[in-house]
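2 protein chains.
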Amino acid sequence: MTTTRAEPQPADFADVRTTNLAVVLRHLRANGPSSRAAIAASTGLTKATVSSLTGDLIGHRLLRETGLSGNRIGRPATVLALDGSAYASIGLQVAPDRLTALAVDYSGEQLLLWHRATVPAGPAPAEIVALAQRAASRVRQQGRHVLGLTLAVPGDLPGGPSGDELRDRVAGSLRQKDLVVTVAGHATLAAVAEQRRAGRSSLALVSGTAGLSAGLIIDGHPVRGGRLGHLALGPAGTPALGEQAGITPLIRRALSDVDPAAQADLAPAVEQVAIRARTGDRTTLAALRHTGGYLGQGLAALVNLVEPEVIVLGDHYATLAEWLIPVAADELARLTPAGDTPVVASALGLYAAALGGAVSHLDQVDTGRLPDNDR
Amino acid sequence: MTTTRAEPQPADFADVRTTNLAVVLRHLRANGPSSRAAIAASTGLTKATVSSLTGDLIGHRLLRETGLSGNRIGRPATVLALDGSAYASIGLQVAPDRLTALAVDYSGEQLLLWHRATVPAGPAPAEIVALAQRAASRVRQQGRHVLGLTLAVPGDLPGGPSGDELRDRVAGSLRQKDLVVTVAGHATLAAVAEQRRAGRSSLALVSGTAGLSAGLIIDGHPVRGGRLGHLALGPAGTPALGEQAGITPLIRRALSDVDPAAQADLAPAVEQVAIRARTGDRTTLAALRHTGGYLGQGLAALVNLVEPEVIVLGDHYATLAEWLIPVAADELARLTPAGDTPVVASALGLYAAALGGAVSHLDQVDTGRLPDNDR
Chain R
1 MTTTRAEPQP
11 ADFADVRTTN
21 LAVVLRHLRA
31 NGPSSRAAIA
41 ASTGLTKATV
51 SSLTGDLIGH
61 RLLRETGLSG
71 NRIGRPATVL
81 ALDGSAYASI
91 GLQVAPDRLT
101 ALAVDYSGEQ
111 LLLWHRATVP
121 AGPAPAEIVA
131 LAQRAASRVR
141 QQGRHVLGLT
151 LAVPGDLPGG
161 PSGDELRDRV
171 AGSLRQKDLV
181 VTVAGHATLA
191 AVAEQRRAGR
201 SSLALVSGTA
211 GLSAGLIIDG
221 HPVRGGRLGH
231 LALGPAGTPA
241 LGEQAGITPL
251 IRRALSDVDP
261 AAQADLAPAV
271 EQVAIRARTG
281 DRTTLAALRH
291 TGGYLGQGLA
301 ALVNLVEPEV
311 IVLGDHYATL
321 AEWLIPVAAD
331 ELARLTPAGD
341 TPVVASALGL
351 YAAALGGAVS
361 HLDQVDTGRL
371 PDNDR
Chain X
376 MTTTRAEPQP
386 ADFADVRTTN
396 LAVVLRHLRA
406 NGPSSRAAIA
416 ASTGLTKATV
426 SSLTGDLIGH
436 RLLRETGLSG
446 NRIGRPATVL
456 ALDGSAYASI
466 GLQVAPDRLT
476 ALAVDYSGEQ
486 LLLWHRATVP
496 AGPAPAEIVA
506 LAQRAASRVR
516 QQGRHVLGLT
526 LAVPGDLPGG
536 PSGDELRDRV
546 AGSLRQKDLV
556 VTVAGHATLA
566 AVAEQRRAGR
576 SSLALVSGTA
586 GLSAGLIIDG
596 HPVRGGRLGH
606 LALGPAGTPA
616 LGEQAGITPL
626 IRRALSDVDP
636 AAQADLAPAV
646 EQVAIRARTG
656 DRTTLAALRH
666 TGGYLGQGLA
676 ALVNLVEPEV
686 IVLGDHYATL
696 AEWLIPVAAD
706 ELARLTPAGD
716 TPVVASALGL
726 YAAALGGAVS
736 HLDQVDTGRL
746 PDNDR
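If you read the sequences in order, they're chains R and X. At position 363 of the first sequence (counting the first as 1) the number is 363 in our numbering, and the numbers step up by one without a gap. At position 116 of the second sequence (counting the first as 1) the number is 491 in our numbering, and the numbers step up by one without a gap.
The shape of chain R in the complex, shown without the other chains:
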């Protein structure tokens, strides 16, 4: 997902138009329905340019006229709004224990959210392809053109085909030439979803769905890496941070009396940890303090190295935020000079990566690259 922006490319007038289409779309996404005059006043574009741009966007069914503004002095103006009805995109979250498909339309409304339990060995490529096909069919039946599909994969899903092979296989099965299929890591895509919600240009999202990972958005762009659980400092044999602050080791410490097979299904095991913590179980609370302390050291590493504006605890960490955040924030304050980077819990739940995968294609439209509608 990361592209190189170091070398300028020759520009022409089409680039100016693309940029200005993006300005209009972002304005409407940020401010809601607006008149052409209001768009012009707020963006600095001329009224004639705004009329031409919005005409193009209406032609692409990305905007629609919603009636007249009545709350101003002077002649009522036609109000334009983002039109979600023509386009949609899909995120498909691949985890060791389940597949999740999520589709949203261009206005951001959720069209479907499906789960499939998989075989114990993890999802087979054929299952992933079948779910992608079914989700695309359903979205098309709803009258939406599918712009793209993103496979959200754990950084270290063992075995199976590599991400690129999986992407090619899914793309080949969907039989739609202009449907863009991409693949990216859970944590990065969850960070994309958070960025769209929070409007921050720089954030870190910490995910525990597959090891301990950070999705990093820096200056508005996702950055490769984020393998927070791999951090290790100390003599040879010192455990890596993932062993100290990961969700699986936390469950092992807190639910040491529970059958390991039951521990492997993370979501119910994490719920069990929360239930025990609420009852004041000492072993569980000690395990949460251990996890929170080391997590805070990991967050401090992120702040010291790349200075995100905010750190969001995602998925399973969000479920346990009330116990983890106070301890982690203390370590963060101790180990960073300013010490005041906010740590918050995500409100996007366990499928933020699927959502981020879906919205990343809508973000492409928001950069002014309009879908090809000659069909």
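Just so you know, the hints here were simulated from the structure itself, not pulled from any lab data. Note that the Cβ used here is the ideal one computed from N, Cα and C, for glycine as well. Be careful, since some hints might not be right.
As the list claims (entries may be wrong) - Derived DEER-like restraints, expressed as beta-carbon distance ranges:
no., chain 1, residue 1, chain 2, residue 2, range
1, R, Gly44, X, Gly419, 56 to 62 Å
2, X, Ser482, R, Ala333, 57 to 63 Å
3, R, Pro125, X, Ala423, 48 to 54 Å
4, X, Gln508, R, Gly44, 27 to 33 Å
As the list claims (entries may be wrong) - Some residues of chain X that are not near chain R, with every Cβ distance over 10 Å (derived):
no., residue
5, Ile433
6, Glu440
7, Gly483
8, Arg515
9, Glu540
10, Arg544
11, Leu549
12, Pro643
13, Ala676
For chain R, the structure is supplied; the task is to place chain X on it using the hints.
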């Protein structure tokens, strides 16, 4: 130095021209003198556009005609080259023990390199201002217009005015309205200098001039942060990485028999460490192995979190690279999945930050924002 690129700004035809001016300048910087036809063929711009753009650049004294190309079949063509003679910029490196001023012209040629020893308490603002004024005067006497001056400051220079106050004081003293004065950290500016030399869009430079810091360039842009020495993982009281892998602790371990006052002047002390290592001194070699191992763990943190294409050991680390790199590379391979990020020693010496500060203003010109030459 980091700017937010998240929100598009309205574009107009001037932006197209700016971008295309940048394309021509970068082409000439990368490929050396070229004819207009060769520029057009290589960049994809039309010959008419190239003629107009190069005319503008000649008018700004950024290009000059250097004669006719004779080594091609067909009519000889006029060859254009970057002209370094009209513009220059200055980097001023502020360290606890000395000030360094360095100026380069637009073609990258070094115009001056001055050092000033400072009082033991560190450079006073008045000394910094005086050196800035003297450097600017000298460059102007050489017939160059000064585009900008950058103050390269350690991340944690104790006491004294903050970076922004220092910048305003220097800017006020130079009495030239279009001279841009900026301030940034040593490691970041050294990374800028390395990026210009190596042409990588993503790199990390490790500096030991003031603690242990990393200058990070990601997707072509400097990133805030890089406080590598602040990393700490472990129970409360565990020393931070700077205590294990920093230059000052290395000197303390290797030269434990030397007067602490003599250890404080880093460059000669590091030379002494290298001399002892060459003679096979066991204490020194053990200290270098300790430093190299922990440094490798810090480099692994950088690779796991932001995946630079290459890691460059700068300044004092470069002096000791033959002992540090083998140990650090082993740790890096052990702690990162791919394990193959190259680690190289910088060839830019102890004043790379001053160089990076100077060239950052030339980079601005290379983005197509031409200097105001109405003077």
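Among all the numbered hints in the text so far, which are the ones the structure does not match?
-> 1, 2, 4 and 13
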